[in-house]
Amino acid sequence: MTTSAITHEVTYLEAISQALDEEMSQDERVFLMGEDIGPYGGAFRVTEGFQDKYGEWRVLDTPLAESGIVGAAIGAAIMGMRPVVEMQFADFISCAFDQITEMAAKNHYRWGAEVPLVIRAPFGGGTHGGPFHSVCPEAWFFHTPGLKLVAPSTAYDAKGLLKAAIRDHNPVIYFEHKFLYRRVKEMLPAEDYIVPIGEADIKRTGSEISVITYGAMVHVALEAAEALDQEGIDMEVVDLRTLSPLDTDTVKDSVRKTGKVIILHEDTKTGGIGGEIAAILAEECFNALDAPIMRIAAPDIPVPYSPPLEDFFLPKAHDVITAARQLAAY
Amino acid sequence: MEISQSEFLHLYYFLKLTRALEERVTTLYRQGRIVGGAYTSHGMEAISVGYASALQADDIIAPFHRDMGAFLVRGITPGEVLAQYLGKRTGPTKGKDGNVHMGDLKRGIIAFVSHLADNLPVATGVALAFKLRGESRIVAANTGDGGTSRGDFHEALNFASVRRLPVVFFCNNNQYAYSTPLHHQMAIKDVVERAKAYAIPGEIVDGNDVASVYLTAQRAFQRARNGGGPTFIECKTMRMHGHSEHDSAKYVPRELLEEWKKKDPILKAERRLKELGYAGQPEFQEIHMRVEKEIESALEFAEQSPLPEGPEALEGVFAANPVEVLI
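Keeping their order, the protein sequence lines are chains A and B. Under my numbering, read the first sequence as residues 16 to 345, first letter to last. Under my numbering, read the second sequence as residues 3 to 329, first letter to last.
Source of the hints: derived by calculation from the structure; they are not laboratory data. Among these hints, one or two may not hold up.
Unchecked claim - In the EDC-like style, the derived pairs of lysine to aspartate or glutamate whose C-alpha atoms are separated by at most 16 Å in a straight line are:
1) B:K133 - A:E43
2) A:K68 - A:E43
3) B:K133 - A:E71
4) A:K267 - A:D305
5) A:K267 - A:E214
Based on the provided sequences and hints, a complete structural model is requested.
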């Protein structure tokens with residue numbers, strides 16, 4: 016990462032605000048739509064102060080109607096605008112499912128009209144949000160051709176990926192992890208930068224086991240890697256950053272180097288993105304594998320509310336450590 | 003407000019062109035030459051021809067599947083339509099999609115998806131773009147009586163009204179959504195009552211009277227263009243055939259169809275043209291011959307056009323380069 020001229024660390028949440036602010040100030044086609052994003056500044060205060068700076072129409076408070084909001088954003092995008100829609104919680108994206116999968120995703124394929132739309136989806140658990148304020152809905156959209164999906168794990172990636180998403184000519188769903196909003200921070204470059212969509216990042220270099228992950232689980236993997244280092248197990252952490260289109264080259268290169276792989280995600284296991292990655296590795300890296308592919312994911316249940324239940328639900332560093340020890344023994 | 007001779011003859015020509023084109027679609031379907039579904043607007047042509055003709059060149063339409071007339075008025079050629087039906091590379095979607103699922107930004111048409119009323123929120127977004135940029139353009143969107151039951155219809159009308167967007171909503175009330183009659187679709191008598199809940203002015207118009215649709219649309223478009231916000235226009239009509247060509251529509255009482263046959267929009271237009279002294283049998287015959295000839299050469303174009311190659315299916319999932327947008 017580039018060193019910064021700015022003197023304070025920027026949180027993941029501030030990085031998202033900065034990306035929106037910078038793109039809005041340099042491109043008047045960019046505007047925001049969502050519930051309570053205006054005077055209130057959004058449920059998580061990502062757009063605090065934005066309406067004062069950009070006015071009522073570029074920071075547009077909408078009725079409580081996710082399908083209507085996304086549909087309207089699609090219409091504006093087709094006409095050459097660059098809307099960024101905020102889902103108050105990623106959970107509510109299900110109300111807009113049809114507009115996303117049928118209208119936005121298929122538009123360019125069918126008649127060549129671009130839909131430069133960004134949907135910000137605050138996702139993930141660990142905040143005691145219960146079954147309707149915690150989900151990881153990315154797999155629904157991972158299975159939909161025509162959508163790009165990103166899920167940053169650091170403030171640097173959060174800013175760079177959002178800027179890249181806004182500049183992209185295609186619909187992008189931007190999964191921002193709520194648990195990371197104020198928990199991760201770092202110095203960011205003063206100059207304009209993007210993180211290209213479609214490029215994974217090695218967050219920790221290692222030689223013995225690859226962990227393929229994204230979102231908040233990157234930090235779980237890094238925590239596990241530090242602990243395993245004490246035991247002499249050298250783990251590599253691959254942060255996918257973009258879920259669609261997948262950077263399969265980086266994933267395969269890592270696995271060919273280490274020969275052992277753990278796929279880790281917070282989403283529930285069955286039908287999750289991990290299954291697809293496992294299939295790709297089985298198809299294309301079979302000869303490089305020295306051990307079975309392992310998946311660590313949440314159990315196939317809704318996200319429960321009570322702390323002991325949610326704690327049980329979420330994958331933890333000790334799950335990764337246990338799996339890594341098994342793999343190391345091969 | 004009165005309609006001029008040239009305006010009315012323009013409307014009449016497109017009524018005839020739409021009818022002739024869709025009759026050819028029906029024939030091709032029965033001959034087994036159209037591999038997918040065929041959805042026509044027989045008996046309802048006055049709605050799409052009427053509203054589309056009242057728009058300006060840089061306005062936008064978000065049509066649905068009974069809107070062939072609007073496609074033609076906006077400049078989609080009969081040849082392109084038949085190429086689309088035959089799955090040819092020269093159709094507006096290059097074989098990617100069928101029947102009336104086509105669009106073209108250069109001609110101001112947002113492509114329709116089968117999920118009814120999905121086009122309405124999109125239309126509000128088109129209008130929002132115009133409002134954000136301070137343009138005086140407007141958007142016309144249409145759906146059926148059945149489409150007004152969907153949440154997207156209500157979300158779109160509400161948002162458009164709250165933000166006074168330059169959009170005009172039409173409803174082609176043809177009394178049947180597939181086999182479902184209006185009284186099983188809604189407990190109200192007139193669809194226009196739905197607009198009241200959103201403080202949107204509503205009008206009922208005879209959907210088989212092309213001049214009425216045209217003049218009513220013109221007024222609503224003017225209002226939207228002047229910042230007056232959305233209007234909802236219910237066009238009463240009757241679906242004179244099945245939902246699509248495979249559907250015999252046995253569930254529709256014959257007497258109802260007989261009654262509506264007398265109100266056919268082309269017959270109605272001819273009666274009115276004669277009354278106004280604008281045209282008579284010779285002019286009707288001349289336009290008829292012209293339209294028949296156009297359909298013949300359109301079919302020739304479509305038939306001679308190449309089919310796409312299989313691997314072309316892989317192209318275009320994502321945008322590569324920016325396309326020309328009417329900004």
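Evaluated hints:
no. : hint            : result
1   : B:K133 - A:E43  : holds, 14 Å
2   : A:K68 - A:E43   : holds, 13 Å
3   : B:K133 - A:E71  : holds, 12 Å
4   : A:K267 - A:D305 : holds, 14 Å
5   : A:K267 - A:E214 : holds, 13 Å
The structure shown violates none of the earlier numbered hints.
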